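Visitor: Same order as they appear, the protein sequences are chains L and A.
Basically this note's numbering = 1-based index in the first sequence + 208.
Basically this note's numbering = 1-based index in the second sequence + 208.
Careful, some of the hints might be misleading.
As the list claims (entries may be wrong) - If you want a taste of the chain A side facing chain L, the calculated C-beta under 10 Å gives, among others:
| hint | residue |
| --- | --- |
| 1 | Pro349 |
| 2 | Phe450 |
| 3 | His499 |
| 4 | Arg501 |
| 5 | Val668 |
| 6 | His693 |
| 7 | Ile729 |
| 8 | Gly770 |
| 9 | Ser939 |
| 10 | His1014 |
Hint data in this document are derived by calculation from the structure and do not stem from the laboratory.
Every value quoted in this text rests on a predicted model; they were computed, and no experiment measured them.
Even for Gly, the Cβ is constructed at its ideal location relative to N, Cα and C.
Listed here are the chains, written in short residue letters.
There are 2 protein chains.
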Amino acid sequence: MAQPVLGTPWYKPLGIRKQECSSAQTLASLDAYWRCANYISAGQIYLFSNPLMKGGLSPRDIKHRLMGHWGTIPGLNFLYAHINRFIRDHGQNTVVLMGPGHGGPAGNAEAFIDGSLSEVYPDIPQNEQGLERLCRAYSFPLGFPSNHGPHTPGSIHEGGELGYVLSHAFGAVLDNPSLLAIPIIGDGECETGPLAASWQTNKFINPQTDGLVLPIVHLNGYKISNPSILARVSLQERDDYFKGMGYRPYTFVAGFDEEDALSIHKRFVALFEEIFAELCSIKEHAKQGFHERPSYPVLIFKTPKGWTCPTYIDGQKFEDSWRSHQVPFAAADETLTHFDDFCAWMASYRPQEIFEKDGTLSKQVTRILPQGDLRIGSNPCADAGRVRCALTLPSLDLYKLAPDTSQRGALCASPTYVLGLYTAKLLQNNPQMFRVFGPDEIASNRFQSIYRATHKQWYVDIDKDLENDGELSQTGSVIEQLSEHQCEGLLEGYVLTGRHGIWVSYEAFAQITASMISQHIKWLEALRREVSWRKPISSLNILLTSHVWRQEHNGFTHQDPGIVDTLLNKSCNNEHVIHIYYPCDANLLLAVAQQAYTATDCVNVIFAGKQQIPVWLTLDEARLELARGVLEWTWASHTDAHGNFDLVLATCGDVPTIETLAAADILRRQGVHFKFVNVLNLCALQRHEENDTALTDEEFTELFSADKPVLFAFHAYVGTIYRLIWGRPHSSNFYVHGYQDLGSTTTFFDMLHMNQMDRFALAAHALQILNAQRALVHSCAKPLWKTARQEILAYREQLYRFTLEHGYDDPAATSYPSVAKD
Amino acid sequence: MAQPVLGTPWYKPLGIRKQECSSAQTLASLDAYWRCANYISAGQIYLFSNPLMKGGLSPRDIKHRLMGHWGTIPGLNFLYAHINRFIRDHGQNTVVLMGPGHGGPAGNAEAFIDGSLSEVYPDIPQNEQGLERLCRAYSFPLGFPSNHGPHTPGSIHEGGELGYVLSHAFGAVLDNPSLLAIPIIGDGECETGPLAASWQTNKFINPQTDGLVLPIVHLNGYKISNPSILARVSLQERDDYFKGMGYRPYTFVAGFDEEDALSIHKRFVALFEEIFAELCSIKEHAKQGFHERPSYPVLIFKTPKGWTCPTYIDGQKFEDSWRSHQVPFAAADETLTHFDDFCAWMASYRPQEIFEKDGTLSKQVTRILPQGDLRIGSNPCADAGRVRCALTLPSLDLYKLAPDTSQRGALCASPTYVLGLYTAKLLQNNPQMFRVFGPDEIASNRFQSIYRATHKQWYVDIDKDLENDGELSQTGSVIEQLSEHQCEGLLEGYVLTGRHGIWVSYEAFAQITASMISQHIKWLEALRREVSWRKPISSLNILLTSHVWRQEHNGFTHQDPGIVDTLLNKSCNNEHVIHIYYPCDANLLLAVAQQAYTATDCVNVIFAGKQQIPVWLTLDEARLELARGVLEWTWASHTDAHGNFDLVLATCGDVPTIETLAAADILRRQGVHFKFVNVLNLCALQRHEENDTALTDEEFTELFSADKPVLFAFHAYVGTIYRLIWGRPHSSNFYVHGYQDLGSTTTFFDMLHMNQMDRFALAAHALQILNAQRALVHSCAKPLWKTARQEILAYREQLYRFTLEHGYDDPAATSYPSVAKD
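Can you make the complete structure from the sequences, with help from the hints?
Guide: If you want it as structure tokens, here you go:
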């Protein structure tokens, strides 16, 4: 990977003496920055006009609707001030991640002050006019949302749904040795599961080859309307907690007494210098070849919630209370009732000292800022398209399989295993810029051939004799933490900072991250709709395997193909943010994966099997199918001499395809003529108004016919197909088979049998449909088909009895079909 | 609540001297039990016949398919042995929760040995025949699944998807002061988010009024194919971690050297006695009125993975390796290759000592067992229907609202606030048997009137001056931990042990628990299908509010109504395990909630608003609508003198209903005749083969007509309605409006506007549809409607411009309609 320009690493104070870091001028500047950021933040929440309070505020300057969350803001602004000062003095490549998403105004204020906001939004210049526009645009239609998200330069994390900021930070520093990531974590967020798990990710970080994470816990004591747990346990317990997870806690307390601001700033500068020195020494030790896992500093930043807002309003506590979580004077009319108090509060930030007369920022405020790309709002890693390098792709031709097209079905391969081989080569070609994550399932998902090219990164003890630890190493491109949340979060952090990757999971347990994936999609949707200045980032790729149909051994808890519905709900606005693939052989998976690996600003979810299954298509055919998303498999179709057919057999997913091809074999022997269609890209079935790359109605009719029944065997729940085909021409011709949420620990055939997905159920259903149609048209059914259907069902029951009796399947029930060239 | 019979609390050793607990006889029995359970566990995995190895095994006795997970089993069996001994000696009311779900054979072995299995499955008697049947039934079609789940007596937790065992345990002990819950937690599970968060739930437990949880971390070192993090950090770090979370860690190590079994047992008995003494003293202190939060013991149980299986197979490490995770001799043919080694392994458990000749268990094995309901497999709390008491319901009449039916829309109320009042009374009427959980959102969701009856339970520091802590108390029926996982998990544990409750969440963030709710539904599905002996448990109730349409202030991250699709995928088999309600006023919510609170063996998910909105229906009307799930609102319909109408206006959800009623007002003025239908229970739209309580096709046609267009305004994504109506008669007449995944921080009208859900878009669309139809039939559109539509759209744009300009809405855009009696 091209190192970002800022790759200067981890100096000890850059020729700066400690006292210079906290010179009187610097302390005054820190305080001016803090007041300025607090003022601009409050301004965004309250002010519609006159943002400099010129001639004093008038009630007309107050917004009609007050939206925002004050509670977390002053603490964030304090930290931003000091991080700016720190970057200025040390030139350290630093990204900041704001966990308390509702602190949006603080993030906007930061980017306004450091100038990065005006660079991407030229209509918001750094003067009075710009300030007024910023204040007005905040939480305003077509303006800045209330969360710190993709709209604001410098942000790579939106914290609306809490829990993911620390995993994003760890993802950001992987393979980025010069980067310091500072996630600011609310004490509320600390109570969530994903956040609680992510502390342990430090066990994977290699301080030599990765960057470092400095978590700051913003312990302001209260959530929306409750105290936070971490704020109420003893200092000893809290310290033990962090020590126990491999951190060295530093607690900084301020704002609870009369200590003057400059002295608080002075103390904080000293502490931050101490912590940075420790980070430098961790880096230095790692560079010198020490391989002990360090204890990483964590900063507990304890302040009152709502710090610096009115202490009491109408006799109720606000500063240092959950009551300051949102807007201290809650509504415009309430603000007006307390107009004088409100004005006094605003004036307490001394706008006259922080702005020049023309509304530009006083030198006092900006003096502590770093310059250029070192600015928080301009760090290249936070607009990762700027630093992203394209992958060097291995040729698929070296990995493709060559099925005998005169007898398809003979050659078998595990799709995920084959993709693992390809991905191994990809890893080799693209060191330090492609990562694989898995929740302890890489091998179980048969993706383990990637270990030919890399190791599992692991920075805890490794057994010397390697009897169990052969694939572990302190460096490697794979991380296996038993947490789907961490896999998703680390990969998000990695691609959001300009790199590439994939995570691999059991299909059922991807749903654990359903809401997390949704949030990443929302980020991408916002990019496409509203944020034109960000450069494209790599796709987020998820390979879901160990899927529902082959979890017969693990049982019902492991059988759930439903994540697809969560995905389909997103991106129905022609934005192509989601791609959903069901490759049913190894070549299709290769073609899909190559496309997915190179895509940008989207999420690719690929459902593929790990079992040895037939390779149906050549790579060229696979590419052809990928191009349109759907393909008639003419070699599997069986039409009469004139190209006529009785029904369409359609499939989506590997097991449904195998069973339908086997059913086709039965039907062919019954003289049924059919067309065979395979769906690879599920989104190709979406309606055109949702997805303009989907099949047109004409193409849809061409593929599925205007008048023939369509027997559609689908990998997941039938409802998914119903929602997709509703409104399509002739969709009432469809008969959909899918997973019916029936399962247990049982045999493969029993799984198929209970969900009506076995070849016999499919063939018998086809005959039943055809006969019913025939009865309508010709007033009689075809006796041959009636008898055949009964025989098929009888045979099916015989095979089922075998299964029940023996506990395994008669091979005739599940053998792979093969299709000879006509 | 009726206390379970076992409510005898927390004695110090019951007249038993320590040495008696570990008498030679007891130690020998512990070891015999352990060998017996290991033998029966391995038997389930490997043996098809001859489970006593009579005359030695023959290759024919090996199962053809070997399924299961050995790695976790011997440790579980060891713990079961000792917990049995402990219960026998102390008579302590104890439930055990098996986190490593794959340890199913251990759970079955336990219930077989303690006799509870044979009591519920009389065809599996405690003899050779029963043993053979058990072995055969394991992981066999129609038999016992491989997870420890609802099929096995004594289980209240299925661990297939990891992360929830500790929250289930905490949920189980709430308001159950005599209960000791022992969750056994795999070191893999410790890496998941939900588990990592659940340790902190001890901050809510009141040791006087609740039971206690003794977590045992089963530290066997390896996951599927990786070491676990907790096993590789230092003892000091691990201890600090647990201390930091308020626990006192005890580490027990065994199995890594040549120490003989009896000495291991002796050490463990001593440790367990010490830990129990500590638990008793915690209980005793709490009883005496000490209110300091205790440090709860946690047991770290460190053993080799696969303990007692062959150390090496073909030169590869198995015992103490991830390789023993599944089946040590992986396939039947492999087992046969190593047949002698396999037989020697089985023989190492000395079956001749643990079974009598007739296959009954030797006294040596059973001597350590408790009797009757004290048995792990028979604890009443683990078959909670046995102890569950019905709720005493307050009358809804005291809480219902009485809208003026001659002018509907005038009376407004917040539905969740009203339900809060009702629930407060319910809490008062049913102390210690109904609980409310929330992720720090009870007040935000306007459910705070429950605090009239109870407090938020909080067992950390409470501020004495109560400026911030007025609603907190060491006892209370509400828990607010900022983790949706914990809310769901605690409620599951609470209802699974016989009590009742609800959790309340922002709609969008319920999706965080999508997979968790799915797993609970799977438990219920298995109950309905396969487990007839369990008595019904209370419904799991989820109130989702702060919903998509009114999250305009919190922004796009907070806007996601998609959880409903995950729910609809479940229970499509006529099992009525899921109920999905969209009550659109306070009376409907009251009626729904009362039905939900009293339902059993199901999950009720209720989507309801928190804003002040009109009360459309009287309580009687609400009950009528609830009975069928759908109702024509005749007072809102506007038909001609003959009852004819031009179109059907259908709604589901509060905001769509308000907007459609407002659209109806516009349409009425244009001379359009319509019928108005409201859908309360979304499942009423399911196809009959999925849900036999849904509308029949005849009822569906009666409601929505055979030939009129249906304008359907739906709360969530349109795809959900498409999947439901596909295949219904005349479903192509439907035109569905719903959330289109468009949003931001903006005004309410802008939210409606961008998603085409505002009254003007609805009315204009209706006119467009009617005119298109008319053009088809009469070859001309109705000019009046064409003009009216243009005027409506022009007015809409005018209102929209107001919003963009002012940042708030013209009241005309969003005012509540009112409907006068004709």
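Visitor: Can you list which hints this structure breaks, lowest number first?
Guide: 3
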